[in-house]
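Chains as they are written, first to last, in my numbering: chain C, 1 to 422; chain H, 1001 to 1165.
Some hints could be false.
[Said to hold, decoys possible] Simulated crosslink set (EDC-like; lysine to aspartate or glutamate; CA at most 16 Å straight-line):
{"#": "1", "chain 1": "H", "residue 1": "Lys1016", "chain 2": "C", "residue 2": "Glu142"}
{"#": "2", "chain 1": "C", "residue 1": "Lys249", "chain 2": "H", "residue 2": "Asp1146"}
{"#": "3", "chain 1": "C", "residue 1": "Lys234", "chain 2": "C", "residue 2": "Glu305"}
{"#": "4", "chain 1": "H", "residue 1": "Lys1016", "chain 2": "C", "residue 2": "Glu305"}
{"#": "5", "chain 1": "C", "residue 1": "Lys184", "chain 2": "H", "residue 2": "Asp1020"}
{"#": "6", "chain 1": "H", "residue 1": "Lys1022", "chain 2": "C", "residue 2": "Glu179"}
{"#": "7", "chain 1": "H", "residue 1": "Lys1016", "chain 2": "C", "residue 2": "Glu267"}
{"#": "8", "chain 1": "C", "residue 1": "Lys48", "chain 2": "C", "residue 2": "Asp225"}
{"#": "9", "chain 1": "C", "residue 1": "Lys249", "chain 2": "C", "residue 2": "Glu267"}
{"#": "10", "chain 1": "H", "residue 1": "Lys1022", "chain 2": "H", "residue 2": "Glu1009"}
No lab work stands behind these hints: they were computed from the structure.
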Amino acid sequence: MMNEFILLRHRQIPDLDQLEVYRQHGGFEAFQNAVTAMNPNDVTQEVKASGLRGRGGAGFPTGLKWTFIDNENWPHYVVANADESEPGTFKDREIMEGNPFQFLEGVALTAYAIQATEAYIYLRGEFWQIAASLDQQIEELEAAGLLGEKIFDTDFSLRIFTHLGAGAYLCGEETALLESMEGKLGQPRLRPPFPPSYGLYGKPTVVNNVETLTNVPYIITRGADWYTSIGTEKSTGPKIFSLSGRVNKPGNYELPLGTTFRELIFEHGGGIPDGREIKAIMAAGASSSLIIANEEALDTPMDYESVPNVGADLGSASVIVIDDTVSIDWVLYKTLHFFSHESCGKCTPCREGIYWMRHIIDRIHQDEASWSDVELLNEVAYQIKGKCLCALGEFAIEAVTSGIERFESDFRAKAAEISSEG
Amino acid sequence: MIAEKYAAEIEIILAKYPPDQKRSAVMALLYLAQRDGGYVTKGDMVEISEILGITPTEVASIVGFYTLYHDQPEGVIRIQVCNDLPCALRGADEFLEKLCENLGIQVGETTPDGLVTIEAVMCLAACDKAPMFQVQSADGLSYYEDQTVSSALEVVETLRKQDAS
Ligand SMILES: Cc1cc2nc3c(=O)[nH]c(=O)nc-3n(C[C@H](O)[C@H](O)[C@H](O)COP(=O)(O)O)c2cc1C
Ligand code: SF4
Ligand code: FES
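Required output: the full structure, derived from the provided sequences and hints.
Shown next as structure tokens:
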């Protein structure tokens, strides 16, 4: 068990959202040290050596991404992804509300590493109060000489701006986010090229999640060796697990990567209410496949390499707990309504496929379908697979295909009810 | 005319982006117009298109794409209950149903006095504090978390009174 918070430090240090307090606890020393005593490339190399992987869902190695920045094309941009819209995810919000300066210091260090003089924070529209606080905190940093022109009397200048989205889950996808920032519809771009070569305004851009960036100051202060001592060999560092659903104590838990589902759900989360049994787990919000919550699954370490052993991905580590009072067809009903609301309609398999899946699940949910409808649902899902422009289409079928395969009896029961009535 | 009324704010917004990328300011300018009038009018869209050097149709397509912009006047107070999967696992559907029952309307409807609209929305990043809702009104958005039907009804009453005064 970790006894010191690295990300959710505001839980241990009161008023950490005050710049003075943050600086009393070592705040902006990493940034000062980097800008005055380190090459930008040294910062990138340290982050690379730390093994830090993106916390926004894809788990891509952060330092490696920074090395892809095209140094033939300028200016460079950093964009912090604060869109946080995956159902079951509420960690970036807590970081920005409780420990905003560590996040901002992470943005600043990243900008120094890739020599960006402008950084943007893209927040979901509902976070407008957080954006207003960040604006004020950025002003304080400028007044303190920690942002702005010629920081610490060096040649490095940096400004940070907030940008509010307006209610579209898809804008969390990094290229849709960049389109949205450019004042266009928030629809994904064809990739490649990837943002480090063609990003905001066509310029080399690093897009990182809020939690990812909040790790960076510690990596620079304490070093990659220290960081790799937390977590597992391939999944280093701490992670915030957003725990929701049928647990006694839902909330954010900062734990080392590699902590088991059992420890999170039963020790920290206080187990399942009303003495019920755990039935299924979604590890990456609504975009997850459904894990059968048997003993093997519960003992699985939550890290990037182990979760695939139980047929799922860690993603953003938004752990949704489902107990035995819930029928899995209802879970699919919920996730498909979400994805049909959020599909942008740019490509046919996603647009049409999700539309049909939603209609079929509505019928199943309203007890109007038979087993052949369940089979049809499964078929439509497989037809979408691998044919979409962005990952949203793939996310939408995760729960469907895994749910029908792994919880077939729930669907059989539903179909049997109908045939016995009919 | 938002251009005159909010000249200083518009300048601050435009300064965030490179001079040749003014279009990036469209979202912020739409928020400004919506804050002013409760919803975005055709006139606002024309004005914003002129400020940014794009067409009114382009501005209108942005308004249509994002759920937080409105181009019609609606219930003054929009109660948006999250009933997405994680919240629903903690009773959000029952909460929504009872709340509607108490107000005598269905999801998506507005109370006869035209003041309160109830909507169901997707995850608001507050899943551990369900049942929860956000209120969208002329004052912007605010979250109400760990709610019960009676606490929610109190919120509605308070907002109604505020609106009447
Ligand atoms: C449909 C969709 C939604 C996404 N939503 C988010 C989000 O809300 N926040 C986020 O950080 N990443 C989100 N991502 C992942 C981003 O595309 C991108 O991988 C991430 O911002 C990179 O940062 P990281 O490497 O630090 O994780 C989403 C991806 C997809 C396909
Ligand atoms: S996969 Fe879906 S969300 Fe993604 S671009 Fe295609 S239609 Fe839009
Ligand atoms: S599911 Fe309701 S806030 Fe996340």
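How the hints compare with the structure:
Annotation: proposed proximity of H/Lys1016 to C/Glu142 holds, straight-line Cα distance about 15 Å (limit 16 Å). Between the alpha carbons of C/Lys249 and H/Asp1146 the distance comes to roughly 13 Å, so the proposed pair stays at or under 16 Å and holds. Straight-line distance between C-alpha atoms of C/Lys234 and C/Glu305 comes to about 7 Å, which keeps the hinted pair within the 16 Å bound. The straight-line distance between the Cα atoms of H/Lys1016 and C/Glu305 is roughly 41 Å, outside the 16 Å bound, and the hint therefore fails.
Only pairs whose Cα atoms come within 16 Å are accepted, and C/Lys184 paired with H/Asp1020 is accepted, the gap being roughly 15 Å. Distance restraint check for H/Lys1022 and C/Glu179: the Cα-Cα separation of roughly 14 Å lies within the 16 Å cut-off, and the hinted pair is therefore satisfied. Note on H/Lys1016 and C/Glu267: the hinted pairing is violated, with a Cα-Cα distance of about 46 Å set against a maximum of 16 Å. This hinted pair checks out: C/Lys48 and C/Asp225 have alpha carbons roughly 11 Å apart, not beyond 16 Å.
At roughly 10 Å between alpha-carbon atoms, C/Lys249 and C/Glu267 fall within 16 Å of each other, so this suggested pair holds. Annotation: proposed proximity of H/Lys1022 to H/Glu1009 holds, straight-line Cα distance about 14 Å (limit 16 Å).
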